[in-house]
Amino acid sequence: MQYDVAIIGGGITGSALAYELMRYRLNVTLLEKATEVGFGTSKSNSGVIHAGHHAPPNTLKGQLEWEGNQLWDKLADELGFGFKRIGELTVALDASQIPVLEELERQGKERGVSGLEIWDQPRIRREEPNLNPNILAALYAPTTGVTNPYEVCFALVENAIRNGLVVQCDTTVSAITKEGGCITLHTGHGEVRSRFVINAAGLFADQIAEMAGVPAFRISPRRGEEYLLDKRLAGLIERVIFPCPTPASKGILVIPTCDGTIMVGPTADPVDDKRDVSTTFAGAAEIFAAVNRLVPGISERDCIAEFAGLRAVADTEDFIIGASPLKGFINVAGIQSPGLTAAPAIARKVVRILGDEGLDLIPNETYIPNAPKPIHFSGLPTDEQILLCQRDPRYSQIVCRCECVGEGEIVDAIRRGARTLDGVKLRTRAGMGRCQGGFCTWRVMQLLARELNLPMTTLTKHGDGSWLICDREDAPCSPGS
Amino acid sequence: MLTGKLAQLDGDYDVVVVGGGPAGMAAALGAREVGANRVLILDRDREAGGILLQCIHPGFGLHHFGEELTGPEYAQRFLSEVCDKGIDVLTDAYAADIDLDKRVKVMSGRFGVRIISGSAVVLAMGARERTRGAIRTPGTRPAGVMTAGLTQRIVNMLGYLPGKRVAILGSGDIGLIMARRLTLEGVEVVGVYEIMPYPNGLNRNIVQCLNDFDIPLHLSTTVVNIHGRDRVEKVTVAPVDASLKPDLTRCSDVACDTLMLSIGLIPENELSRHLNLRFDPATGGPFVTSAMETSIDGVFACGNVVHIHDLVDFVTQESLLAGQGAGLYATGHRKPADNIRLIPGDNVASCVPHTISSDRDHTLYLRVKKPLDMSTIRLGEVYEKKLRYVFPAETLTVTVRPRFLENFHGNSLRIDVQPREPA
Ligand SMILES: Cc1cc2nc3c(=O)[nH]c(=O)nc-3n(C[C@H](O)[C@H](O)[C@H](O)COP(=O)(O)OP(=O)(O)OC[C@H]3O[C@@H](n4cnc5c(N)ncnc54)[C@H](O)[C@@H]3O)c2cc1C
Ligand SMILES: Cc1cc2nc3c(=O)[nH]c(=O)nc-3n(C[C@H](O)[C@H](O)[C@H](O)COP(=O)(O)OP(=O)(O)OC[C@H]3O[C@@H](n4cnc5c(N)ncnc54)[C@H](O)[C@@H]3O)c2cc1C
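Residue numbers (the numbering used here), protein chains in the order written: chain A, 1 to 481; chain B, 1001 to 1423.
Since the hints were made in silico from the structure, they are not lab data. Remember, it's a predicted structure, so these values are computed and weren't measured experimentally. Glycine included, every Cβ here is placed at the ideal spot set by N, Cα and C. A few of these clues could be false.
Restraint ranges, calculated between C-beta atoms of paired labels, are given here [to be verified]:
#, chain 1, residue 1, chain 2, residue 2, range
1, B, 1243, A, 323, 54 to 62 Å
2, A, 190, B, 1197, 55 to 63 Å
3, A, 285, B, 1007, 27 to 35 Å
4, B, 1188, A, 77, 16 to 24 Å
5, B, 1010, A, 234, 40 to 48 Å
6, B, 1188, A, 170, 26 to 34 Å
7, A, 297, B, 1384, 21 to 29 Å
8, B, 1253, A, 383, 15 to 23 Å
9, A, 77, B, 1242, 25 to 33 Å
10, A, 292, B, 1243, 14 to 22 Å
11, A, 299, B, 1335, 34 to 42 Å
12, B, 1243, A, 58, 47 to 55 Å
13, A, 274, B, 1065, 57 to 65 Å
14, A, 115, B, 1197, 55 to 63 Å
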């Protein structure tokens, strides 16, 4: 099989592009080295759809941030993932910061970002009573949203599959050659030939470019730690809170997540190792100190989970999107923050580039724009729950007690593509609550084993060598019993 | 199978018990004993029995039955009695919500979503384990970091192993028991690391589960980093100073493929919070009267939901009381209200129940803050008792009799545990 387009990397960038390309009559494949899509940087970030005014002007980041922001409502509506425009406040703690807010406001207005307003102290106290009372002023931006980035990747790819995308997970591209008019990608599972290749490999995009013989940039990892707080704090604040930015960083945020809990982070530390997603004492200390200046009621004791993600920073500090000297090979690299926000706009830009490079873009008449929305049982009103369970009582067969997730939802997640414990967790929230899987892990494993017809001992947390349990020679129970 | 009986589910009961562990079953029996006719036990697990089902070691029931039983044996004795007494048991049934009219929203694979009301309700949801997030151990997030309770499920009920080489963080009882279990299953247990200068589990478990198997216990030591991308590869441990701060200059690495956490239980009160009960920050559970009634009329609580117990016999005792209270409430025969409040004083971390009544016998369950040799427990001026030693990991029980209170006319009693000069 020869493809028209092969995408390397199933993060938000590759997924959004795959989704966009399926609008056309094309043979497209997506290659991802992890066991599921979205398991790279795209699952470990703040999940904020930035308002559109943060990224510096005259950068690609700046353009695509605002353009991307405006595409999210329709996307969320069609694909049914969680997305809320909750707005943000960038706050000034001392008078010297007020001009910075004004500059941000001006920059945003110039770009066309709607609804920006500077709030005074009384207004801030009225709207966000739990913020530090010493905050002098804040720039309000209503266009900021929050989403669950992994849910978005899953939804994009699921829709793309409905429209004909071929996804190949557990598939690492290890060499690239060019023969005739075609690029060949060499993987552990054989060769993939395609006229066009998109390098959306995140942190490893520099290595992929090198394999293609067109090295032009270097990607350095910059780590960000995030800490999730107990549901007890839900509602403490209503909007995303940004400190006043410095030239170096957007700073550490307080984020009311899409699921209603609060998350704090991220840090920004350069690291050497592209797989080093560890959290640290220093990171936790930095975050909680910073956050306490914004919202004094937040304590380290409320932490229920922590994680870290790596931004793929190109040496230019900007997105690198465009054709390369190798005909048909297109880079979509250096997609650091606000890459999530910008992803839908990046995808459209790449489609235009492909068109310019000679790919025929004939609309696909049988294109299905939407996807069946996943059922989130605990969020339904009681009368709908009653009706749903009359049809299928597995929804009320509760497996995850903290998040109230039933067997029905878990089986749905597996049918939609979950292959690992994390895959189920990220699709359903089973195991994400305050007991962090202490009660439901084994039941989710049994459902995975049953639905995928696999022995329990082959199941993993997130693929590769992340095995969960091992055999006792005389194990009395058969798998899945 | 420890499944009870239930032919059909009604909308109204005298007493609805949420949780079918030892607490819930004893409460249901207590309610029946005092005349409640229609009693329902709900449990979200597949079988009733609670945490006992996975505790296949002996050591249960010495007080209550006068013999040593395993967890499932202890549970089965209660379940048989529950069935004999015609108490309804609905398993695989999750109580998702509860309101002030004592209506419980139940989700079950068999009956779908239903609203059930009780004249009285008993909360007996047990506890959950503290997780890695609660102590914010830095490092990566590989597979192989799991709580002791989950490990116990995997080994004792599913017949698998968590890994081949296990380090244990925390010296709670579940962890100690699992250290022994894993060793017997052929897993190498490399050591138990406890941040406090004293163990967090019962002394008998330190002896029988660690010492007897030559498993080293490292006190004043904690895990400061977890390594491994996909699966745990090693952990870094470090000694801590008196303020529990790790000394990162004295780290060492311990190779293992599993880190098992045994860092404590938290009363499972997610559901109770819907009722806005008054809570005791020291126990993590609701305030309760001597009848185990919470701050809301007709809502009772017992077992680990109220405070963490170390012996199931105490759970049973306390839960019988709660059930009787609920049964009497439902049938309109309440006992007189309590008239004395108990105030934790020197070296007392918590005390349950929170109030007592001067006309009856009461058992008080106390936890101390720090270990003491040779001490005295004092209830205001009315009563004192000498103790050989006290230990935070072991519950202290005191029986208060009406005659102690004959000359006492106040409405609050302070409880202190103080050092005493050796005789
Ligand atoms: C802490 C943190 C917070 C952030 N917060 C925000 C935010 O709030 N808002 C926002 O807009 N942005 C945010 N970002 C940025 C955002 O997360 C990224 O821009 C975005 O996820 C990048 O997506 P991607 O698809 O380019 O990369 P990735 O998600 O890393 O995807 C690349 C994929 O390529 C695969 N791959 C690599 N090499 C190969 C190979 N050889 N063969 C096959 N597959 C390969 C990888 O496995 C991976 O899945 C944040 C980033 C971090 C780290
Ligand atoms: C490893 C371990 C070893 C032990 N060893 C001993 C020993 O040797 N000797 C001894 O005497 N004691 C021992 N104990 C202590 C004793 O077993 C516990 O104190 C006792 O089980 C607590 O009883 P419980 O009913 O309060 O809680 P649990 O046993 O935890 O029962 C609570 C029940 O409530 C259900 N539930 C919770 N929420 C809901 C809801 N919303 N809807 C429906 N159902 C719900 C749960 O599924 C569970 O079945 C041990 C405990 C452990 C964990």
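Status of each hint after checking the structure:
1. Distance hint check: the CB atoms of residue 1243/B and residue 323/A are about 59 Å apart, consistent with the given range 54 to 62 Å.
2. Distance hint check for residue 190/A and residue 1197/B: the Cβ-Cβ separation is about 59 Å, which falls inside the suggested range of 55 to 63 Å.
3. Distance hint for residue 285/A and residue 1007/B: a CB-CB separation of about 58 Å, inconsistent with the stated range 27 to 35 Å.
4. For the pair residue 1188/B and residue 77/A, the supplied restraint of 16 to 24 Å is violated, since their beta-carbon distance comes to about 54 Å.
5. Remark: the range hint 40 to 48 Å for residue 1010/B to residue 234/A is contradicted by a beta-carbon distance near 35 Å.
6. For the hinted restraint 26 to 34 Å between residue 1188/B and residue 170/A, the CB-CB distance of approximately 31 Å keeps it satisfied.
7. A C-beta distance of roughly 42 Å is found between residue 297/A and residue 1384/B, which places it outside the suggested range of 21 to 29 Å.
8. A beta carbon spacing of about 56 Å between residue 1253/B and residue 383/A contradicts the range 15 to 23 Å that was offered as a hint.
9. For the hinted restraint 25 to 33 Å between residue 77/A and residue 1242/B, the CB-CB distance of approximately 58 Å leaves it violated.
10. About 20 Å separates the C-beta atoms of residue 292/A and residue 1243/B, a value consistent with the hinted range of 14 to 22 Å.
11. In this structure, residue 299/A and residue 1335/B meet the distance hint of 34 to 42 Å, their C-beta atoms being roughly 41 Å apart.
12. Between residue 1243/B and residue 58/A the Cβ separation comes to about 51 Å, which falls inside the hinted range of 47 to 55 Å.
13. Separated by about 60 Å at the C-beta atoms, residue 274/A and residue 1065/B satisfy the suggested range of 57 to 65 Å.
14. A hinted range of 55 to 63 Å for the beta carbons of residue 115/A and residue 1197/B is consistent with their spacing of about 57 Å.
Hints 3, 4, 5, 7, 8, 9, counting from the list given before, are not met by this structure.
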